[in-house]
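Novice: The residues making up each chain are set out below.
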Amino acid sequence: MADQVTDFLKNDFIRDYQALARQSWETWAKQLQQPATNDFFKSPTPPTASSSSDALERTLAGLKGYFDWMQGVAAAGGQDPAGDWRQQLQQYFGGASQPFAQAFGGIDSAGAEGFIRQWQSWLQGAQHGGFGDLPGANGAIPAFGLNREQQMQQQTMAAAVLESLQASARYQALIQRANTQGMERLQDKLALHAEPGRQIDSLKALYDLWVDAAEEAYAEIALSDEFREVYGEMVNSQMRVRHLQQRQTEQICQQLGVPTRAEVSSLGERLQSLRREFRAGHAPSPQDLAGEIATLRQELAELKRQLADGKESAPAATKRAAAEPAAPQSAARAAVSPAKKAAAKAIVKAARKPAARKVTASSPSRSKPVNRASSRKRK
Amino acid sequence: MYTPLRIEPTRALLDIATFQRKLAAGIGHLRSMREPEYANTPRELVYSEDKLKVWHFTGHDKTSSKTPLLIVYALVNTVWMTDLQPDRSMVRNLLAQGEDVYLIDWGYPDFADRWLTLDDYINGYLDRCVDVVRQRHGLDAINLLGICQGGAFSLCYTALHPDKVRNLITMVTPVDFHTPGNMLSHWCRNMDVDLFVDTLGNVPAGLMNYVYLTLKPVRLNQQKYIGMVDILDSPAELEDFLRMERWIFDSPDQAGEAFRQFIKDFYQGNKLVKGTLTIGGKPVALGMVTQPVLNIFAEQDHLVPPDASRALAEHVGTGDYTQLAFKGGHIGIYVSGRAQREVPPAIHQWLRARA
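Residue numbers (our numbering), protein chains in the order written: chain A, 1 to 379; chain B, 1 to 355.
Since the hints were made in silico from the structure, they are not lab data.
Owing to the predicted nature of the structure, the values given are computational and were not obtained by experimental measurement.
Hints are supplied without guarantee of correctness; some may be wrong.
Said to hold, decoys possible - Below 30 Å or equal to it, Euclidean Cα-Cα: the simulated BS3-like pairs (lysine-lysine) are:
1. B:K224 <-> A:K204
2. B:K224 <-> A:K189
3. A:K64 <-> B:K216
With the hints as constraints, model all of the structure from the sequences given.
Specialist: Structure representation (structure tokens):
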């Protein structure tokens, strides 16, 4: 009787339940993807990159991977106490629903510019679109005649696409290696749980342990010299393909009289260069500063002269000083000090002038200094 | 010998059912959530130029500091991590301590900004922002707080304009880009950055986010969202989660030329510690930074490994160097409860001792 119940649980019930669960998952996902009346799902604020559909895609990809994995584990049934748990583990984390692949699959999306998919479809499209044996796809062949340049470009492009796909394949192989090593680490981690009270008894606990193991293995590989070389080659080869695509697009645009990105970019470079020159032209030059310092020195000398003259023509003060011989130095300091302070203030004020000009003289880039008074008014 | 796995079929089905039930119940909450707001601590615009804005935080009566503090954030992501939500706001806590806080919001570069260089950012934009704050307070020098890449910018700026910086604080700032365990640096070492920028122009934010996700692919792309299912029935927690998601993915593109230089000179060339860096044709060496420096880093930082920040101690020219290790990660240093308690007070006390 007990065996019958177990069989029922392992087979019919689980199958039925899985079908139901999948159905409800799909309903849930569909509901979530429906346009909502709520702002959060309807209209992301431009120009931010935080689109709700992106977030939803990421969320769903992650959750779907987990959901599929749970389904897979449930389908594999319970453990045979006498069986090999390592083999069981392979069953849990192998196959199409293995969550590591899902984790990567989810991020090769719009955010990643869909590099791999984009070029795979480009290659397929090119083959379906009458290119037949894409020139250069099976090695470079000499090109000649009126369309020589176009043939050469096609060959270069095909070679670059293939190179990129090869680099991506090497990258994927390393990711797969990380997955395999993650499984080995998981086994090591699980071995520490092989005693009563420490056993893993829930899908979530198993998943979390696997995540730890997978991330550790991935980090080790991602920091290897091999990964660095493969990663660099993958990025570089993808950029080469994209660069060639852009060149082809630009040529078509030029033929149609459409302004190209390269032209706009070139204008932008010149504009930025002009802005720098303009600013440099308005910044005070060392010569200007030298002149300003000389003027300040003259003003200071003049102030000193006036101060000295003032002392001489101030008989009352002189008389007081004469009447109080015990404190002549301090009295003189007291008399001089405000004048000195005024002179010093004038110097500081004048010295600040260039900085002040620098702040406000930024018209070419639409700079808008807001002074404190006006800010306070707004408050 | 026991098997470590003891997942009963009924328990497995229960787990699936629970997961689905939480999802189903959570749909309503998720759909009713509005775009979460940041803390939006009251502030006034004091300067704008092109796409950048300088904000001054207002509405605080307790300002006791005589020298204002200008926050210089990274070009990646947005500065609002420092003012994420009312109970997780470094800015608010700095204000509460009595600091007078300004910050630079670099904005969202587009193709018009494609040719902005590090010179334009550091000797141009940043210098003018500093001048604005100096002028408003009638001061020769102000305090700078540079965060992450903004910390590297602040170090360069201080070396180039020493008279305008009184005290420098760097937070989770990469200094030595070639320490072991720096995954980002490792990955971009073989990158042909010239081809990369010539092809892309500006670097799309989506691509940057993709790279960040692949630093911990399973954790950041899957496990995090599975965890979200557990909080779907808690509007407050869900709102916090979605706000963080907004911040993570609401990120600006990177101006092409500045990106090219940063990758080449900092990530690939490690010129900041080698002493071979030049910005706008002028040499930049950490030995030129003689102002008091407070260097704060996170011990569990997966973007800027602690060693990458610690290296500042060996190279900086100041005799007044203080280091603070925070128990947390690159983001936790702004938003965790511990961060609220520890970081702003530490900054304030350090500044007050050097007022």
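Novice: Does each hint hold? Answer for all of them.
Specialist: Quick rundown of the hints versus the structure:
no.	hint	in the structure
1	B:K224 <-> A:K204	holds (13 Å)
2	B:K224 <-> A:K189	holds (21 Å)
3	A:K64 <-> B:K216	holds (18 Å)
This entry satisfies every hint, going by the numbered hints stated previously.
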